[in-house]
Amino acid sequence: MKLTKREIQVMIMCIDISFSSDIKEALWNRFDVTMTKTEIHQMQLDIDDKLRHELDS
Numbered sequence: 314m315k316l317t318k319r320e321i322q323v324m325i326m327c328i329d330i331s332f333s334s335d336i337k338e339a340l341w342n343r344f345d346v347t348m349t350k351t352e353i354h355q356m357q358l359d360i361d362d363k364l365r366h367e368l369d370s
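Heads up: take any position in the sequence shown, counting from 1, add 313, and you land on my numbering.
Since the hints were derived computationally from the structure, they do not count as laboratory data.
The beta carbon of each residue, even a glycine, is placed where N, CA and C say it ideally should be.
One should not assume that every hint holds.
[Claimed, not checked] The calculated DSS-like cross-link candidates involving lysine-lysine, where the alpha carbons are at most 25 Å apart (straight line), are: (1) K350 <-> K363; (2) K315 <-> K350; (3) K318 <-> K350; (4) K315 <-> K363; (5) K318 <-> K363.
[Claimed, not checked] Okay, the calculated beta carbon distance ranges per label pair: (6) A339 <-> D369: 29 to 37 Å; (7) M326 <-> R365: 24 to 32 Å; (8) R319 <-> S370: 30 to 38 Å; (9) S370 <-> E338: 19 to 27 Å.
Hey, can you work out the whole structure from these sequences and the hints?
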């Protein structure tokens with residue numbers, strides 16, 4: 314399964330809060346894409362679907 318840069322970025326956004334915010338910010342900046350909260354939420358759902366589909370197959 315291949316994730317897009319954007320999908321990876323959204324997954325980074327969803328990393329557990331206990332994960333160092335400096336690391337999170339560095340990763341976020343690495344992918345440097347601006348997205349609205351709605352877009353991020355929609356992409357989380359899409360990623361969930363992708364992962365679920367991957368597990369089912």
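*asked:* Flag every earlier hint the structure violates by its number, smallest first.
replied: Those not satisfied are hints 7, 8, 9.
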